[in-house]
Each structure stands twice: as C-alpha cells, then as structure tokens.
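> Listed below are the residues making up each chain.
There are 2 protein chains.
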Amino acid sequence: MRKLLFGATFFLTSFAFGQVKDEQMLKDIYTMALTNSKSYAWLDDLSNKIGHRLSGSVGAEKGVIYTKQQLETLGLDRVYLQEVMVPKWVRGEKETAYIIDKKNKISVPICALGGSVATPKEGITAEIIEVHSLKELETLGEAKIKGKIVFYNRPMEPENIDTFLSYGRCGDQRRSGAHEAAKFGAVGTIVRSLNLRLDDFPHTGATSYGDLPKEKYIPTAAISTNGAELLSQKLKENPKLTFYFKQSCQQLEDVLSYNVIGEIKGTVHPDKIMVVSGHLDSWDLADGSHDDGAGCVQSMAVLEIFKKLNYQPKNTLRVVLYMNEENGGRGGKQYEAESKRNKENHIFAMESDAGGFTPRGFSLECDEPNFTKVRSWASLFEPYLIHLFVKGHTGSDIHPLTSTKIVKAGLRPDSQRYFDYHHAANDTFEAINKRELELGAATMASLLYLFDQYGID
Amino acid sequence: MRKLLFGATFFLTSFAFGQVKDEQMLKDIYTMALTNSKSYAWLDDLSNKIGHRLSGSVGAEKGVIYTKQQLETLGLDRVYLQEVMVPKWVRGEKETAYIIDKKNKISVPICALGGSVATPKEGITAEIIEVHSLKELETLGEAKIKGKIVFYNRPMEPENIDTFLSYGRCGDQRRSGAHEAAKFGAVGTIVRSLNLRLDDFPHTGATSYGDLPKEKYIPTAAISTNGAELLSQKLKENPKLTFYFKQSCQQLEDVLSYNVIGEIKGTVHPDKIMVVSGHLDSWDLADGSHDDGAGCVQSMAVLEIFKKLNYQPKNTLRVVLYMNEENGGRGGKQYEAESKRNKENHIFAMESDAGGFTPRGFSLECDEPNFTKVRSWASLFEPYLIHLFVKGHTGSDIHPLTSTKIVKAGLRPDSQRYFDYHHAANDTFEAINKRELELGAATMASLLYLFDQYGID
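Protein chains in written order, with UniProt numbering: chain A, 1 to 457; chain B, 1 to 457.
Bear in mind the hints are in silico, worked out from the structure with no lab data behind them. Cβ coordinates follow ideal geometry from the N, Cα and C atoms, glycine included. What you were told as hints is all true, and nothing was included just to trick you.
Result set (DSS-like, lysine-lysine): computed pairs, CA atoms no more than 25 Å apart in a straight line:
hint, chain 1, residue 1, chain 2, residue 2
1, B, Lys234, B, Lys135
2, B, Lys27, B, Lys307
3, B, Lys121, B, Lys216
4, B, Lys391, A, Lys27
5, A, Lys391, B, Lys27
6, B, Lys240, B, Lys103
Covered, in the sense of this in silico footprint (three residues per stretch, anywhere, with C-beta under 8 Å from a C-beta of chain B), are these stretches of chain A:
hint, stretch
7, 28 to 34
8, 157 to 168
9, 385 to 398
10, 407 to 417
11, 429 to 440
What follows is a list of derived Cβ distance ranges for each label pair:
hint, chain 1, residue 1, chain 2, residue 2, range
12, A, Glu61, B, Glu93, 46 to 56 Å
13, A, Thr35, B, Lys102, 32 to 42 Å
14, A, Lys391, B, Asn48, 37 to 47 Å
With the hints as constraints, model all of the structure from the sequences given.
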C-alpha cells in the first residue's frame, strides 16, 4: 500500500511538474516572440525591400537568398537550398477592361488570373453573359455561350463564420471557369474576385485549363467586387451590352528555383523530423505580406525563438520555405520527393498559410489518439486565447508529405479580414500587425514544442 | 415508475428543445447581422459624414440627431433623448513641439491631452527630464524637477496578451502625470503615447489635475511613440537638451447634450430593463470609428436585428448611446440618476467600448450563479468562435448603474490592434472591418437574447 501511494504521488508530482514546466515554456515562448523576435523586421525586408515573389521572378530569387542568409545568422545546424523547377508566368502590361453600354465605355478594374493566356493584342470585345455556377453553363448550352464572354458572379457567402469555407465554395469559378466555358465556345471569362468586401481590388489566383488542348485556351481575368456589382447591374438594364478586355500575360519556360531549408538536429531522435513552414512565393500584384510572407517569417521565428531560449529539441526541427505554392505547388512536391529519396522520417509538419492575423488555433490532419492529445493541451494554450482545435485542411505545401505516421497542423488565424487582401494589390506590409504576427509564431512554436516533448502516438 | 420516466423524458425533451431553439436563434442572429444589418452603413455616416464627436462639439450634436433619427426608423416602442450637461474642451490650433539639441530643432508629433491647459502663447521652452513612473518623481524631488518639463516614458508592456492590461499599467502617466509633476514645480509634462506600436501618431486622452488649485495647472501633451524613442535617445546623448511645446487648448463652460435612448417594451416583464450600449462621444483627432462609433452602431444593430427577426422580448430592451464617456463620464452618471429617480429596475447592462474588432467573448461583473450560467451557454457560442467568458471591468458608462441585482457584461473583441488607433488620428472608418463589426453586434445580441429568455439568477 505504501509503495502504491508512493507510486501515485510520484506520478502526480511528475505530472504536475510536467504541467508547470510546459506552462513556463509556453510563457517563455510567447514572451520571446512578443519582445525579441525578428519576424516583423524580416517581413519588412521581404515585403518592402524585395517585393513580390512570384515563382521565377527576380523577387522570388532575392527572397531565396535573403531568407537563407537570415537563417544562417540563427546558429542552426544546417541551412541549405533544395532545387526545384518552377513554372514562370508573367503578367505583362497592366490589363484594361470596359463595360460597353451603347455608346458609354465604363472602365472596370480587372487582373489576369495566374496561368491565363493573353487576349489578342487588340483585346476582345464580345457580348457578356452572367452565370452563377459552372453547372449553369450546361443549362445554357453552347447556343447561348458561343462567341460570348462568360461572367462568373457567384459571391462568397457572407453568413459563414469561417471565411475559408466561403472561399472554398466559390473557388471553382476561378480555378475551372475558363476551362469549362471554353468547352461551350466562350471567348473569355471574367470572374468576380474572391473577396467578401465590396471594393476596387481585383484578386488574382491560379486558373487551370485542365486537359483542354492549347488552341482552345481562352483568356480569363478577375474583376473587383465593385466592378462585378456594377457589371451585373448594367446587364440587368441592358442584357445585350458588350465587354472589352485586354491582357498580355504569358506562360514562359520553367526555371530553376529553390526551397529554403534550415534545421536544428534532434538530441534524442535526430532521424525524426518535424517541419514548420510557409511558402516563399507570392502573387505579383503586391508583396504578399499575408500570403505568405507572414507564414515564412513566423516559421523562421519558431527556430529563432528556440535558439534564443537555448532549447535542445529531442527531434530534428526543420523550417521549410516552399517555393511555388501559388501556381504549381512544385516546392511541396519536390520536398516530398527528396524526402522519399533520402528515406527521411517525418513525424510532424505544420504550415502557416492563412494570413498573419491573430492566431485562434489549429486545424489538424491526424488520427484520433493524436487529436485527443492535442485537445488535452488546450488548457496550456488558454492564457494565449488559443481555443480552436479542429480537423481539416492544414496546408497545400505539406499536403504531399507522406510518412509511416505523421501529424499535420495548419495555423488558423482569425479569418475575417483575410480575403480583403488575398492575391490583391493591397496584400502589403501595412496590413500586418506586429503583435498578431508574433502571436502566430509563438503559437506555432508552442505546438511544435509540445509534440517534440511528448512525441506522436 | 412510469410517471417518473415520463417526467424525465419530458424534462429532457424540453431541455433539448430549448437547446435547439437557442441554437437556431443564435444562427438567425448571426446570419442577420452578417447579411442584413445597417451597422456598417451607420458607422460610415457617423464617421465620414459627421466626424469627431467630442462632448460639446457640433459633431456630437449631429451624432445625437443622426442616431435618434436612425433609431426612429427601426419601429421601436420609444426613442428619446436624455438631457445631460457635459464639459466642453477645445484643442485650438494644432500643437507644435521641438527637441532643441544645441542648435538643432527636431520637430516631434504631439497633441494636447484632453482637459489640459494651454501653454503661454509663445510656448514653453525648458530642460526636460525623463522618468518612468509617478513614483520616480518623489525620488528625484523638487530640486531636480522644478522649472523643467517632465517626460513620462514608461512603454506599454508588450508581453501581455491582453493589451488592456498593458494600458491599465501605463495609464497613470497620462491621467495623473501633470497633476503629480506640478506638485514638484514642473512647468509641463510630455507623455509617451499609450500605443504598443512604434509610429508617428500622438494619442490623446483625459488628464486630470485632481485637487490642484487652478493656478498650479501645467500644460500636458502626448508624444508619439517614435517621438518618445527619439527624445529618450537624444536625452541619453545630451541630458541637458531642452524641449519646446506650444498648445492653445481651453476648457469652456459646460453645455447641454444628450444620451440617445431607444427601447422595445418587454412582453412579460416590461418593468425589467436590459441595456445594450456604447458611447456616442469620441476624441477630436479622428472620427472615433473604433472608440466608440463601433459600440454605438453595434448596440443599435442589436435592436435592429431583434426587430427584423420579429423577436418579442420578455423584458424591456433598451439601447443607450451615452454622451461624454471620454472626458467626464457624465452620460453614464446622468442615466443612473434618472433611472433612480424613475425607480427603474435594471437587471442587465452591456457595453461595447473596446473596438470593433473580431469579438472573442465577454467580461462580466456578476455573482457566481450568473457567471456559471453564462459559462453554461459557452457551447452555444462555440460555432461563432466566441470562447472568452471572464470576470472583469465591463464598461465605464454602465459602471455607475446600480440595481438590486444586475448582471453587467462588456464585449471583449480581439485587443491586439486596438491601441494602434485608440484616441489617435488614425481611428477612422478605414480601420474597421465590416464583418468583424457585425460579428460583434451578433455576439452582443446573442447574450442579450439568452439573458432575456432565462433571466438572471
């Protein structure tokens, strides 16, 4: 009986000790992030000194060099580049577009969707027809679509609390709209920007022509939400109005680029790898401070914080800044291919690619025991107002990663403002709040710490 | 046994029915707020058509008329004004300030603190001494302070997650700094802006001379955080440098103003009153969209939402837009005095005065049974990412309100960005996100609904 009691006491004491130790570590992590991290200064450089980092651009190249250099200042065990061939798409001249209503020409803000072909040099003028879904094309049929521009105008649903849900439900218009409309003989498509706010920014993003033969590709562009509202209104008044747009974008040959990688070797299980990541490429309309400069500097800050706290991880911690998430996902695929080739064992991978806003928690891809484990840590996160632990999509770049057993996590920041900036010209450093960015880094470091300490089940 | 089972089943069914009914009502409230509320348009008018609403100003008067008119469109049972005499302080000409370092004059951004006296017409030039607390004045003593300008430079602590905690710990410098320094013969005070961010905006706010005789009042101003950093740096290089500032603000006679009130009569307990509120006055450097235009339009939207949902409250629901929270709190005191005079029974009062950012939950002033009750509703709020239910300060305007038994609640939005804008020239409509504003209104309406349904304990 005595022995048993002693055992129980020992267990409780060590449990309490673990709890106290973890509470203190999280406090240290958050304090370090909020008082002594370089994340915000790094983002300032990436955004304001380098600018946009579309795959294959000079900015992307500079971003690779800069982040590698910065990682080299942190005293990591290894910093290196991983080669990856990426697509190179260029926007060319600024696009122009008009609603042509009898003799009136009304200018509206558009931008070519990434991957789109150009219009002929003189632009395209055609009747325009409004639809609200890809399915509606079938109902209308070739008779009503052929020779016209298709205008996709299904807005993001305002009533969902998670704005990514609304994004997901509208994304097909941008991703597949041109591909589908071309099948019915459309000459171009104009897509309502994936933005919940009414404003004048057109939002770009990747489009795909799927299996369509090249000669059937039609140009496609996004129109600002205000522009979409106006166009829809004008079409109600005059269903026969025409639309003009001109863009000169091009898909060039693939070019060599890099994933940027840094790591701290594990002291107990150096062969078990835990990844923290963001993607270094951005769209070309702005510097991509939220998408995904934030995720990059937060991931770098996770290792910076651990070094500054002199934390010796049990497992190997690796920061990965992926190239080409936006228009190809080549970085993520290459990383996985290299990992397989090197027979690496990844037990954990996390990505921050939902903006630099106040963190609310994590989405997780894992089995039940690990999900239960994460939820058991909820009280540790409570002082930092981290409360959201749900299953769901974690990150596009870590998606390809497979291992015998792996837990994946996606940082979930507050999503209300994200689509105000996403893929648009206003996704700039000014839209970032330093503290929110730092809290995200601390939240990521905290989950990484806990999995490093307690392993995956 | 049969009877008992029937009873239990009935209880469980009605419990489940209540749960389902409440879930549906919250869903309806949030959907209405996000799709069909006027809150954002109201704030646009208040901010962009009317502008700042400092007590006694033309803007405040216009704000009273505008919000009364808008409430009258909602089909409430009663809309009225409540007279209140308010202080009238005017800033006068734009302030100027220089660091004078030998022959160099370096301009720095300052603004007079609300309630401050003017400098002499030619301004004040004096040696400046940096301190970090009111206590430090005692250590230094009159010998080192007399004839000088005291520069309060204790920054807000970055490591607290709740920025209001950091604000609370620095506020004495602004509120009592001049009062205390005057006792030691200082000729003026310059206070580091209560802002966690380094930028060029000076942040105003109320100062008080306490029981100091009028002839001892000294002028006091806030300096931007960048200005404070620069001044501190320059003082390290040259402890003998001087500082110049000039301001022409004045305290005028009190003037008549109003609280704006609208109500829906209760169908079961018309004598039990539940208040939802914000304050209509703002500081004068900007239109006060976050402080507290947001709280006003959210409170108005709560009643708007109930009317649109055709909700018949059990208790009387009252929206109150208080005047003069910023520099006197007269509206709140007047409301309480009138309530006492009319022998009104308030069972619940809520205020939104912490910005229009994404709501996270509520702070509560109530006894344990009611606190437990609120926490029992947590799962109803979970789909809306509302997770914070804590005890603490609720609102300055509802603070004076007493009743036999009353529950008070303060909306707690995300606090990370609040002090970037608080009392500064950038607290404008552009800093507001429509969805975040609407989510706040829905969150307030939801708590009001639940207390209306289930009463207070």
